[in-house]
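Chain by chain, the residues run as shown.
There are 2 protein chains.
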Amino acid sequence: MNEEYKNKWISQLKKGTLPFIVLSVLSRNTYYGYDLINEIKKLTDIVIAEGTLYPLLVRLKNENLVSYSWVEQESGIPRKYYQITEEGKDTLNAMKDYWTYINTTIQSI
Amino acid sequence: MNEEYKNKWISQLKKGTLPFIVLSVLSRNTYYGYDLINEIKKLTDIVIAEGTLYPLLVRLKNENLVSYSWVEQESGIPRKYYQITEEGKDTLNAMKDYWTYINTTIQSI
DNA sequence: TAAAATACATTGTTATACTATGTAATTTGT
DNA sequence: ACAAATTACATAGTATAACAATGTATTTTA
Numbered sequence: 069m070n071e072e073y074k075n076k077w078i079s080q081l082k083k084g085t086l087p088f089i090v091l092s093v094l095s096r097n098t099y100y101g102y103d104l105i106n107e108i109k110k111l112t113d114i115v116i117a118e119g120t121l122y123p124l125l126v127r128l129k130n131e132n133l134v135s136y137s138w139v140e141q142e143s144g145i146p147r148k149y150y151q152i153t154e155e156g157k158d159t160l161n162a163m164k165d166y167w168t169y170i171n172t173t174i175q176s177i
Numbered sequence: 069m070n071e072e073y074k075n076k077w078i079s080q081l082k083k084g085t086l087p088f089i090v091l092s093v094l095s096r097n098t099y100y101g102y103d104l105i106n107e108i109k110k111l112t113d114i115v116i117a118e119g120t121l122y123p124l125l126v127r128l129k130n131e132n133l134v135s136y137s138w139v140e141q142e143s144g145i146p147r148k149y150y151q152i153t154e155e156g157k158d159t160l161n162a163m164k165d166y167w168t169y170i171n172t173t174i175q176s177i
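As they're listed, the protein sequences go chains A and B.
Under this note's numbering, the first residue of the first sequence carries the number 69, and numbering increases by one thereafter.
Under this note's numbering, the first residue of the second sequence carries the number 69, and numbering increases by one thereafter.
Simulated from the structure, these hints should not be mistaken for lab results.
Be careful, since some hints might not be right.
As the list makes no split between identical chains, a pair holds if one copy fits it or if it spans any two.
Stated by the list, open to error - Cut-off 25 Å, straight-line C-alpha distance, at most; resulting in silico cross-link-like pairs (DMTMM-like, lysine to aspartate or glutamate):
| # | residue 1 | residue 2 |
| --- | --- | --- |
| 1 | Lys-148 | Asp-103 |
| 2 | Lys-164 | Asp-103 |
| 3 | Lys-129 | Glu-71 |
| 4 | Lys-164 | Glu-72 |
| 5 | Lys-83 | Asp-103 |
| 6 | Lys-83 | Glu-71 |
| 7 | Lys-83 | Glu-154 |
| 8 | Lys-164 | Glu-71 |
| 9 | Lys-74 | Glu-154 |
| 10 | Lys-83 | Asp-113 |
| 11 | Lys-74 | Glu-131 |
| 12 | Lys-129 | Glu-107 |
| 13 | Lys-76 | Glu-142 |
| 14 | Lys-74 | Asp-158 |
| 15 | Lys-164 | Glu-140 |
Please read these numbers as outputs of a predicted model, since none were measured by experiment.
Throw the hints in and build the complete structure from the sequences for me.
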């Protein structure tokens, strides 16, 4: 078993799965970045580095798949709450379809 | 629907799925590169560019997940037939486990 | 006999995960 | 009371990989 290759592979696999997972989670609820990391870790055991998530959220925002609004806290740093857009929902559905297709394909080999 | 983003996403998803698919296909049979492209297209409808596959095979070889042997043809250009190694089989199994896990996780969100 | 297909390969471009680092406020532990 | 940890944002640099474009050489097809 090539453990090192496997880890590198998982990192590459994340390039496809992370945007999908983030959009999925945001289709259920609004979250702010720091919280998303913890929520996804709790939900999936997948650890997303901050240096991965924040740029990813910026990209999703630039693509109009999510929007955000700053929410002041009674105490502490203000939070940037992200929500999925209609375009984000439609794109997520297309991603779901493709995922189902690729999963079926892989299982069949 | 953000079609352009979806296509970019599929390209990123391939960074995880292609090595997995190639190893899976090679776990059933030996193939040469050019043939693998056609075989995978037939099996999965997924089109792999030559500029993607050849470097990928080089990487899998460098990681000892596959080996190859040149086979002269009665006519035509000699073919580099690839076969999966024992280390490749074990790593593929670990990849299968991870895939099952990530698929289950994604379905559950 | 020109065009398409077979079969290998590399270079340059673009995209993205991850580590390291930075800022600033707040909370916790001692 | 004060140092350390946590919360919450963010960016710069590095490594990796898909893909288009291009290249070489042989063989088959129209």
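### Message
With identical chains, the pair Lys-164 and Glu-140 could be close in the same copy or across copies; at 25 Å between alpha carbons, which is it: within, between, both, or neither?
### Response
neither (34 Å within a copy, 44 Å between copies)
### Query
Under a CA distance limit of 25 Å, which applies to Lys-83 and Glu-154: within one copy, between copies, both, or neither?
within (23 Å within a copy, 28 Å between copies)
### Message
Please sort Lys-74 with Glu-154 into within, between, both or neither, judging by C-alpha distance up to 25 Å.
### Response
Classified as between: cross-chain Cα gap 15 Å, same-chain 36 Å, threshold 25 Å.
### Message
At most 25 Å between CA atoms: does that hold for Lys-74 and Glu-131 within a copy, between copies, both, or neither?
### Response
Answer is between: at 10 Å across copies they meet the 25 Å cutoff, but 31 Å inside does not.
### Query
For Lys-148 vs Asp-103, is the C-alpha pair at or below 25 Å within one copy, between two copies, both, or neither?
Within one copy, since 10 Å is at most 25 Å while 50 Å is not.
### Message
Within, between, both or neither: how does the pair Lys-164, Glu-72 come out at a Cα-Cα threshold of 25 Å?
### Response
between (29 Å within a copy, 16 Å between copies)
### Query
Quick one: Lys-74 to Asp-158, C-alpha cut-off 25 Å, is that within a copy, between copies, both, or neither?
Classified as between: cross-chain Cα gap 10 Å, same-chain 32 Å, threshold 25 Å.
### Query
For Lys-164 vs Glu-71, is the C-alpha pair at or below 25 Å within one copy, between two copies, both, or neither?
For Lys-164 and Glu-71, the Cα distance is within 25 Å only across copies (14 Å; inside one copy 29 Å).
### Task
Pop the pair Lys-129 and Glu-71 into one bin, within, between, both or neither, using alpha-carbon distances up to 25 Å.
For Lys-129 and Glu-71, the Cα distance is within 25 Å only across copies (15 Å; inside one copy 35 Å).
### Query
For the identical chains here, do Lys-83 and Asp-103 meet the 25 Å Cα criterion within one copy, between copies, both, or neither?
For Lys-83 and Asp-103, the Cα distance is within 25 Å only inside one copy (20 Å; across copies 27 Å).
### Task
Measure nothing new, just compare the shortest in-copy and cross-copy C-alpha distances for Lys-76 and Glu-142 to 25 Å and report within, between, both or neither.
neither (42 Å within a copy, 40 Å between copies)
### Task
With 25 Å as the alpha-carbon cut-off, assign the pair Lys-83 and Glu-71 to within, between, both or neither.
Both ways: Lys-83 and Glu-71 sit 19 Å apart in one copy and 18 Å across, limit 25 Å.
Hints 13 and 15 from the earlier list are contradicted by this structure; the remaining hints agree with it.
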